Amino acid sequence: DAMVIQNPRYQVTQFGKPVTLSCSQTLNHNVMYWYQQKSSQAPKLLFHYYDKDFNNEADTPDNFQSRRPNTSFCFLDIRSPGLGDAAMYLCATSRRDRSRDRVWYEQYFGPGTRLTVT
Amino acid sequence: SQQGEEDPQALSIQEGENATMNCSYKTSINNLQWYRQNSGRGLVHLILIRSNEREKHSGRLRVTLDTSKKSSSLLITASRAADTASYFCAVAGGTSYGKLTFGQGTILTVHP
Numbered sequence: 001d002a003m004v005i006q007n008p009r010y011q012v013t014q015f016g017k018p019v020t021l022s023c024s025q026t027l028n029h030n031v032m033y034w035y036q037q038k039s040s041q042a043p044k045l046l047f048h049y050y051d052k053d054f055n056n057e058a059d060t061p062d063n064f065q066s067r068r069p070n071t072s073f074c075f076l077d078i079r080s081p082g083l084g085d086a087a088m089y090l091c092a093t094s095r096r097d098r099s100r101d102r103v104w105y106e107q108y109f110g111p112g113t114r115l116t117v118t
Numbered sequence: 119s120q121q122g123e124e125d126p127q128a129l130s131i132q133e134g135e136n137a138t139m140n141c142s143y144k145t146s147i148n149n150l151q152w153y154r155q156n157s158g159r160g161l162v163h164l165i166l167i168r169s170n171e172r173e174k175h176s177g178r179l180r181v182t183l184d185t186s187k188k189s190s191s192l193l194i195t196a197s198r199a200a201d202t203a204s205y206f207c208a209v210a211g212g213t214s215y216g217k218l219t220f221g222q223g224t225i226l227t228v229h230p
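Protein chains in written order, with this note's numbering: chain A, 1 to 118; chain B, 119 to 230.
In case anyone wonders, no lab produced these hints; they're calculated from the structure.
Watch out, some of these pointers could steer you wrong.
[What the hints assert, rightly or not] The calculated SDA-like cross-link candidates involving lysine to any residue, where the alpha carbons are at most 20 Å apart (straight line), are:
no., chain 1, residue 1, chain 2, residue 2
1, A, Lys44, B, Ser176
2, A, Lys38, B, Lys217
3, B, Lys217, A, Asn55
4, A, Lys38, B, Arg154
5, B, Lys217, A, Phe47
6, A, Lys44, B, Ala200
7, A, Lys38, A, Val12
8, A, Lys38, B, Ala128
9, B, Lys217, A, Arg9
10, A, Lys44, B, Ala203
11, B, Lys217, A, Ala86
12, A, Lys38, A, Ser80
13, A, Lys44, A, Pro111
14, B, Lys144, A, Ala42
15, B, Lys217, B, Ser176
16, B, Lys187, B, Ile225
17, B, Lys174, B, Ser186
18, B, Lys217, A, Val31
19, B, Lys144, B, Gly158
20, A, Lys38, B, Ile225
21, B, Lys187, B, Arg172
22, A, Lys44, A, Ala86
23, B, Lys217, A, Ser80
24, A, Lys44, A, Arg9
Keep in mind it's a predicted model, so treat the numbers as computed, not measured.
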């Protein structure tokens, strides 16, 4: 089945120690998103890739970076995690049709990575 | 902000009853989407309703959209214990293509 996979499902890191979360997809979607979701809150978009084009949200801290080496994979790098970065990180994909530029489609989410910072 | 705001924040019902959740937003939209999230899991897309649509059905789900009032509702009929989850509305539109802005969600508990 086509899907969005996130690894690991649970990640524990130390304060200030860089961490990388990964996301892969078999849907062949050209858009990939990273969200941060804290307990009992709405998912908050950090950034997204449209093909190779990176789109950062204005309020995403510089501490968060992303890489998309190919269509299938996308990584979230947290350079120096703080206690406030403990959250669920959700990857999502969607398609974008260049010939129908103003059409939004649904997003498909992975199961998330729960990040704990000690 | 286009953020959807949901009402109620929490809803507790018995199996077999209907559950209605409401979402309001502030600006024009391309479409509005509803998602479900089981505890500690990712979000699952339920239904998408476009700005030129007024009502949409999918199984036991019914979504309405009133663009004049900038509001939407999600109705789950004949609820089941397995429907227990958080439900989020998300609005799509504006100048930032592809961005969904999520509401705070409604926590639905269905008691067997």
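To see whether the hints hold, each was checked on the structure:
1. Lys44(A) <-> Ser176(B): violated, 27 Å
2. Lys38(A) <-> Lys217(B): holds, 19 Å
3. Lys217(B) <-> Asn55(A): holds, 10 Å
4. Lys38(A) <-> Arg154(B): holds, 16 Å
5. Lys217(B) <-> Phe47(A): Measuring from Cα to Cα gives roughly 9 Å; hence the hint holds.
6. Lys44(A) <-> Ala200(B): The hint is violated at about 26 Å.
7. Lys38(A) <-> Val12(A): Since the Cα atoms of Lys38(A) and Val12(A) sit roughly 16 Å apart, the hinted pair holds (cutoff 20 Å).
8. Lys38(A) <-> Ala128(B): holds, 17 Å
9. Lys217(B) <-> Arg9(A): Between Lys217(B) and Arg9(A) the Cα gap is close to 24 Å, so the pair fails against 20 Å, i.e. violated.
10. Lys44(A) <-> Ala203(B): holds, 19 Å
11. Lys217(B) <-> Ala86(A): violated, 23 Å
12. Lys38(A) <-> Ser80(A): Distance of about 18 Å is within 20 Å: holds.
13. Lys44(A) <-> Pro111(A): holds, 16 Å
14. Lys144(B) <-> Ala42(A): holds, 17 Å
15. Lys217(B) <-> Ser176(B): violated, 24 Å
16. Lys187(B) <-> Ile225(B): violated, 24 Å
17. Lys174(B) <-> Ser186(B): Status holds; Cα separation ~17 Å.
18. Lys217(B) <-> Val31(A): Satisfied, since the Cα-Cα distance of roughly 11 Å is no more than 20 Å.
19. Lys144(B) <-> Gly158(B): violated, 29 Å
20. Lys38(A) <-> Ile225(B): holds, 15 Å
21. Lys187(B) <-> Arg172(B): holds, 12 Å
22. Lys44(A) <-> Ala86(A): Given pair Lys44(A), Ala86(A) holds - Cα atoms ~14 Å apart, limit 20 Å.
23. Lys217(B) <-> Ser80(A): Outside the cut-off at roughly 26 Å; violated.
24. Lys44(A) <-> Arg9(A): Since the Cα atoms of Lys44(A) and Arg9(A) sit roughly 19 Å apart, the hinted pair holds (cutoff 20 Å).
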